[in-house]
Every structure is written in C-alpha cells, then in structure tokens.
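Start from the sequences, fold in the hints, and give me the full structure.
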Amino acid sequence: MEATTFKFNRPLGSLRSSIRAYKEYKREWEARMVEKLAQEEEDIRRKRESLYAEYE
Amino acid sequence: MNSLDTNRITQFAPYKVWYTDGEYRFETDHGILYAIDFKEEPMFSPIPAYWFNLMNRSRKASPNDVKTRATVTCIIEEFFQANPDILLYLCDNANDQQAMRSRLFLRWFNGYAQQENYYIRTEKVDDEGEENYVAIIVSRQHPYLTNIIERFDTEIAMFKSEKPS
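Chains A and S, in that order, are what the protein sequence lines are.
Residues 32 to 87, numbered by the numbering used here, are exactly what the first sequence covers, in order.
Residues 402 to 566, numbered by the numbering used here, are exactly what the second sequence covers, in order.
Please keep in mind that the hints were generated in silico from the structure rather than gathered at the bench.
Heads up, some of the hints might be wrong.
What the hints assert, rightly or not - Straight-line distance between alpha carbons at most 25 Å, and here's what the computed SDA-like set of lysine to any residue pairs gives: (1) K525(S) with T474(S); (2) K38(A) with S540(S); (3) K468(S) with G432(S); (4) K78(A) with M64(A); (5) K525(S) with E563(S); (6) K561(S) with E55(A); (7) K38(A) with A536(S); (8) K54(A) with R508(S); (9) K57(A) with Q70(A); (10) K54(A) with G44(A); (11) K440(S) with E55(A); (12) K468(S) with M64(A); (13) K417(S) with T407(S); (14) K468(S) with K525(S); (15) K54(A) with R426(S); (16) K525(S) with R470(S); (17) K57(A) with Q542(S); (18) K67(A) with K417(S).
Said to hold, decoys possible - From the derived model, a few chain A residues whose C-beta atoms are all more than 10 Å from chain S: (19) R51; (20) K57; (21) E61; (22) E73; (23) R77; (24) S81; (25) L82; (26) Y83; (27) E85; (28) Y86; (29) E87.
Where a beta carbon is used, it is the ideal one built from N, C-alpha and C, also for glycine.
So, in structure tokens, the structure goes:
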C-alpha cells in the first residue's frame, strides 16, 4: 500500500495522554511489585521465626 | 500480542528467561531480578504498538553487565520475531536520570548486532516540567514504515507545540 493512502484510526495529538497513561500504568505496576516484595519478605521472616521456634 | 518463545530467547541469551505473572523475567549473576512486560499502545492503530517496560525487581543497584544488555536485546529480537509491530520505550524518570537512561538504552540497542534491521529514534518532550525521552523502534521491513515515522514525527511536533492540559 502506498504511504499516502494509509489511514490511522486514532486522531492526531494523543502522544501526551498516551505518555501519561503509560506512566500511570508503570507507577501501578511498581506499587504492586513493592507490595509483593514486602509480602515475600514477610513470608520469609515468618518461616524463619517458625523454624527457630521449632528448634528451640 | 503474540507471546514470546522463552526457549528460543534462552537459546541465544546469556541468562535464562522465563514467563510468569504476565512478565518475562531473568536473574543476573549479581542476583538482580529483571522483569519485562509489553503494554499495548493504541496511538498507531490499526498498527499494533507496545510500550517496552523494563524493571529492576530487586531494587538493588545494577552494575554494568554485558550479559544483561545481551539478554534484553534477545528479548527485543524475539518480540519482533513474534510481533512485527512497533515498540515504544519511555525512559524511567527515577532520580532524574532520564537522559542517561535514554543514552544507555540507545547504546545497548546500537551495540546489538542486528540493529541495522531496525529504525530507532529518540525524542525528548517536556510535560509539565518533566522531561520524557521517548524511543520508537520499528523493523525497516515494516510495510508502513514511512507512515509510522511520519505519524511519530507529527505527534512529537504537536506535543512540542501544545500547551499541557
């Protein structure tokens, strides 16, 4: 297809909102990751405490 | 998006790559866990486009590691094998290091053996005082490459001329 005949579906001028939406997505992704890491650390701490308790 | 073949990636990448929880992950010799995902971006519709999202999951300082670079480029290569589409990259603005990250990403990609097969460009745009470095990567074989570049150029020009809302 020739370059001149191709039509994009979206109106022009959406880069700013796209960047903002992507940054919001990334912030949420990071927040979920931090929460998950904290949970994993808490699980490890509990397992370790439980092992020490059994040993004692 | 078509999923990536992690076996094929691992065949060529220095680090083993696996898929879990919607992410492609790998762990470095330094014990740093990286995650990569791809978020669909409708800006170029009907041509599919995706944001390339790279995250240091361990949140530890990452030393310069050629194996990390090689693994990331293998993942990008596999992305284009499975999805002959558009890849976008926005440099993380953590610690105001966007410019450095932009250069690093370009250096990584330009050091990649197959990079001549791809069109890549980075632009800086400011949004409410915050610098954003946006990179676009498209296969030079893409049938609509000219349209995509024109669209990207126009979007960048409009962004720079607009006042933020």
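Now for the hints, and whether the structure bears them out:
At roughly 23 Å between alpha-carbon atoms, K525(S) and T474(S) fall within 25 Å of each other, so this suggested pair holds. A hinted pair counts as satisfied when its Cα atoms are at most 25 Å apart, and K38(A) with S540(S) qualifies at roughly 19 Å. Only pairs whose Cα atoms come within 25 Å are accepted, and K468(S) paired with G432(S) is accepted, the gap being roughly 13 Å. The suggested pairing of K78(A) with M64(A) holds, with an alpha-carbon distance near 21 Å, which does not exceed 25 Å.
For a cut-off of 25 Å, the pair hint linking K525(S) to E563(S) stands: about 14 Å separates their Cα positions. For the proposed pair K561(S) and E55(A), the alpha carbon gap of about 21 Å is at most 25 Å, so the pair holds. For the suggested pair K38(A) and A536(S), the alpha carbons sit about 22 Å apart, so the restraint of at most 25 Å is met. Our distance criterion of 25 Å between C-alpha atoms is met by K54(A) and R508(S), whose separation comes to about 23 Å.
A hinted pair counts as satisfied when its Cα atoms are at most 25 Å apart, and K57(A) with Q70(A) qualifies at roughly 20 Å. A distance of roughly 17 Å separates the Cα atoms of K54(A) and G44(A); the hinted pair therefore holds under the 25 Å criterion. For the hint pairing K440(S) with E55(A), the CA-to-CA distance comes to about 12 Å; that is within 25 Å, so the pair holds. Our distance criterion of 25 Å between C-alpha atoms is met by K468(S) and M64(A), whose separation comes to about 24 Å.
Taking the CA atoms of K417(S) and T407(S), the gap is near 8 Å; set against the 25 Å cutoff, the hint holds. About 28 Å separates the Cα atoms of K468(S) and K525(S), which puts this hinted pair outside 25 Å; it is violated. As the CA atoms of K54(A) and R426(S) are separated by approximately 21 Å, the hinted pair is consistent with the 25 Å bound. Annotation: proposed proximity of K525(S) to R470(S) holds, straight-line Cα distance about 23 Å (limit 25 Å).
A distance of roughly 30 Å separates the Cα atoms of K57(A) and Q542(S); the hinted pair therefore is violated under the 25 Å criterion. With a C-alpha separation of about 22 Å, the suggested pair K67(A) and K417(S) falls inside the 25 Å cut-off, and the hint holds. At roughly 7 Å, the least C-beta separation between R51(A) and chain S is not larger than 10 Å, which violates its mark as non-interface. In this structure K57(A) is not separated from chain S by more than 10 Å, as the shortest Cβ-Cβ distance comes to only about 6 Å.
Its beta-carbon lying about 7 Å from the closest one in chain S, E61(A) breaks the requirement of being farther than 10 Å from that chain. No beta-carbon of chain S comes within 10 Å of the beta-carbon of E73(A); the shortest separation is about 16 Å. Against chain S, the non-interface label of R77(A) holds: every CB pair exceeds 10 Å, the least being about 21 Å. In this structure S81(A) is separated from chain S by more than 10 Å, as the shortest Cβ-Cβ distance comes to about 25 Å.
Distance check on L82(A): its Cβ is at least 23 Å (rounded) from any Cβ of chain S, clearing the 10 Å threshold; non-interface status holds. The beta carbon of Y83(A) sits about 25 Å from the closest Cβ of chain S, which is more than 10 Å, so the claim that it is off the interface holds. A cut-off of 10 Å between C-beta atoms confirms that E85(A) is not in contact with chain S; the least separation is 28 Å. Against chain S, the non-interface label of Y86(A) holds: every CB pair exceeds 10 Å, the least being about 27 Å.
The claim that E87(A) is not at the interface with chain S holds, since no C-beta of that chain comes within 10 Å of its own (minimum 31 Å).
Hint check: violations occur at hints 14, 17, 19, 20 and 21; the rest are consistent with the structure.
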